[in-house]
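With the sequences and hints as input, model every part of the structure.
2 protein chains.
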Amino acid sequence: MSSVYAVGIGPGDISMMTGEARRALEKSDVIVGYKVYIDLIRDLCVGKELIESGMRRERERCRKCVELAKAGKTVALVCSGDAGVYGMASPLLEIAYEEGFDDVVIVPGVTAALSGSAVLGAPLGHDFCVISLSDLLTPWEVIEKRLKSAAQGDFCIAIYNPSSHKRADYLKRACDIMLTILPPDRPCGYVRNIGRDEMSYRTCTLSELADEDVDMFTTVFIGNSSTRIVNGRLITPRGYDQK
Amino acid sequence: MSSVYAVGIGPGDISMMTGEARRALEKSDVIVGYKVYIDLIRDLCVGKELIESGMRRERERCRKCVELAKAGKTVALVCSGDAGVYGMASPLLEIAYEEGFDDVVIVPGVTAALSGSAVLGAPLGHDFCVISLSDLLTPWEVIEKRLKSAAQGDFCIAIYNPSSHKRADYLKRACDIMLTILPPDRPCGYVRNIGRDEMSYRTCTLSELADEDVDMFTTVFIGNSSTRIVNGRLITPRGYDQK
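Line order of the protein sequences matches chains A and B. 1 is the number of the first residue of the first sequence in the working numbering; add one for each residue after it. 1001 is the number of the first residue of the second sequence in the working numbering; add one for each residue after it.
Don't read these hints as lab results, they were simulated from the structure. What you are looking at is a predicted structure, and each value in this text was computed from that prediction instead of being measured. Ideal Cβ positions, reconstructed from N, Cα and C, are used throughout, including at glycine. Mixed in with the good hints there might be a few duds.
[To be verified] List of simulated lysine-lysine pairs, DSSO-like, C-alpha gap at most 27 angstroms: (1) K1073/B - K1145/B; (2) K35/A - K70/A; (3) K148/A - K1145/B; (4) K145/A - K166/A; (5) K148/A - K1148/B; (6) K145/A - K1064/B; (7) K1035/B - K1073/B; (8) K48/A - K27/A; (9) K1027/B - K1064/B; (10) K1048/B - K1070/B; (11) K70/A - K48/A; (12) K1145/B - K145/A.
[What the hints assert, rightly or not] Some but not every residue of chain A turned toward chain B, in silico, with C-beta under 10 angstroms: (13) A6; (14) I14; (15) K70; (16) G87; (17) P108; (18) L120; (19) R202.
[Claimed, not checked] Residues of chain A placed beyond 12 angstroms of chain B at every Cβ, according to the derived structure: (20) E20; (21) R42; (22) E49; (23) G72; (24) G81; (25) A113; (26) S115; (27) K145; (28) R146; (29) H165; (30) A168; (31) D176; (32) E208; (33) A210; (34) N231.
Pasting the structure below:
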């Protein structure tokens, strides 16, 4: 039996991958993943067996990985960003347990909250929450409760999956919920296509954010009560200036 | 004028650094940082000017970086984990603005929430919060409010700085607050010395966590209402099994 690695490849550009992630890909006989993610690392896949898929059917993909490893192949299951944050680590570990398979290694990576934050400046310089607006696997009531709790707790907030074709107004809905608690001029920002050629970003206020046109490749940031926009960058102080 | 890079070096082992972080160190003439962090990357510092410091005095350290860059040196300011998450990105950008200096580049890295999560399994498989228990720069009332909000929002929670010599009982205090909202058998875990030789980890319940002996090099994880301990690993489902 060989290992299955769940590999967080970071936001896109290979330079943002860790050495450990690169090594896991090198060691693998088979690389499994969503085609869009494999496209990002194709230079590292030369001579490997590739199993590329569309989205969904994640459990089947995990089962296939375990099956291959039981047959002696070392397998890398690639995830965009981190392997754990909305990634494949959790379904893979569950399926592996069901199949009596033990040799799963989780390789972390730079998730969009961190890579997007670096582009904007330092919006996550203090306690923060990460919330996905996708209601594919989470009831909207739970998402709404989390948005309110995050605002009430004065957290910095990173929002994943702010929009999609079917959910075009979700970011506006989320902003409207938060505007019941937070002021309209709360500093915000967003980054599109992090770590890719067409990357773009913008800072704005929470009330402006509600009407911004974002897509599923955008990560959104909402500041806490200390966050400021300074010289076009979004900065949440750690508090040193008070000392 | 040259650049100042705020570089997130990841949890400890050089293999967990990104290629971009490594390249920023290579490009730099001067490497500035807390001695404990520079020790982790000393192999990459050969031939560089090193400015090693104790903790605190972060603003002075940032000002020194800007001064060196203005004099033509390329500077890397190293941060453990990510550059933004409780890191130097935020004070560095503030000081740079005060000094009229523009060329600051933030290089993200794998923060302990992600690297610790990978060791335990997948505790951060759904929406999560990151909270520091250090009240050096944050009033305890704010920390308490955030702990409550995170528990009320049913977030997975990663806790940084759970203890220190002066704050030996802080994790117990935090657990006691959360036990007013969360059940005593809520699955939890912690990892000590992530990415270093003496790494250790454990899963436990929230009531057990309150009495665990943790130190400042420990990252603590508290599950959400779906988190389970399976085969010794802490797993928060994404929900695929309901589909």
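Hints versus structure:
{"no.": "1", "hint": "K1073/B - K1145/B", "verdict": "violated, 43 angstroms"}
{"no.": "2", "hint": "K35/A - K70/A", "verdict": "holds, 24 angstroms"}
{"no.": "3", "hint": "K148/A - K1145/B", "verdict": "holds, 13 angstroms"}
{"no.": "4", "hint": "K145/A - K166/A", "verdict": "holds, 21 angstroms"}
{"no.": "5", "hint": "K148/A - K1148/B", "verdict": "holds, 13 angstroms"}
{"no.": "6", "hint": "K145/A - K1064/B", "verdict": "violated, 44 angstroms"}
{"no.": "7", "hint": "K1035/B - K1073/B", "verdict": "holds, 20 angstroms"}
{"no.": "8", "hint": "K48/A - K27/A", "verdict": "holds, 10 angstroms"}
{"no.": "9", "hint": "K1027/B - K1064/B", "verdict": "holds, 18 angstroms"}
{"no.": "10", "hint": "K1048/B - K1070/B", "verdict": "holds, 18 angstroms"}
{"no.": "11", "hint": "K70/A - K48/A", "verdict": "holds, 18 angstroms"}
{"no.": "12", "hint": "K1145/B - K145/A", "verdict": "holds, 16 angstroms"}
{"no.": "13", "hint": "A6", "verdict": "holds, 8 angstroms"}
{"no.": "14", "hint": "I14", "verdict": "holds, 7 angstroms"}
{"no.": "15", "hint": "K70", "verdict": "violated, 16 angstroms"}
{"no.": "16", "hint": "G87", "verdict": "holds, 8 angstroms"}
{"no.": "17", "hint": "P108", "verdict": "holds, 4 angstroms"}
{"no.": "18", "hint": "L120", "verdict": "holds, 9 angstroms"}
{"no.": "19", "hint": "R202", "verdict": "violated, 17 angstroms"}
{"no.": "20", "hint": "E20", "verdict": "violated, 5 angstroms"}
{"no.": "21", "hint": "R42", "verdict": "holds, 16 angstroms"}
{"no.": "22", "hint": "E49", "verdict": "holds, 25 angstroms"}
{"no.": "23", "hint": "G72", "verdict": "holds, 22 angstroms"}
{"no.": "24", "hint": "G81", "verdict": "violated, 9 angstroms"}
{"no.": "25", "hint": "A113", "verdict": "violated, 9 angstroms"}
{"no.": "26", "hint": "S115", "verdict": "violated, 5 angstroms"}
{"no.": "27", "hint": "K145", "verdict": "violated, 6 angstroms"}
{"no.": "28", "hint": "R146", "verdict": "violated, 5 angstroms"}
{"no.": "29", "hint": "H165", "verdict": "holds, 20 angstroms"}
{"no.": "30", "hint": "A168", "verdict": "holds, 21 angstroms"}
{"no.": "31", "hint": "D176", "verdict": "holds, 18 angstroms"}
{"no.": "32", "hint": "E208", "verdict": "holds, 22 angstroms"}
{"no.": "33", "hint": "A210", "verdict": "holds, 21 angstroms"}
{"no.": "34", "hint": "N231", "verdict": "violated, 5 angstroms"}
Violated hints for the displayed structure, listed by number in ascending order: 1, 6, 15, 19, 20, 24, 25, 26, 27, 28, 34.
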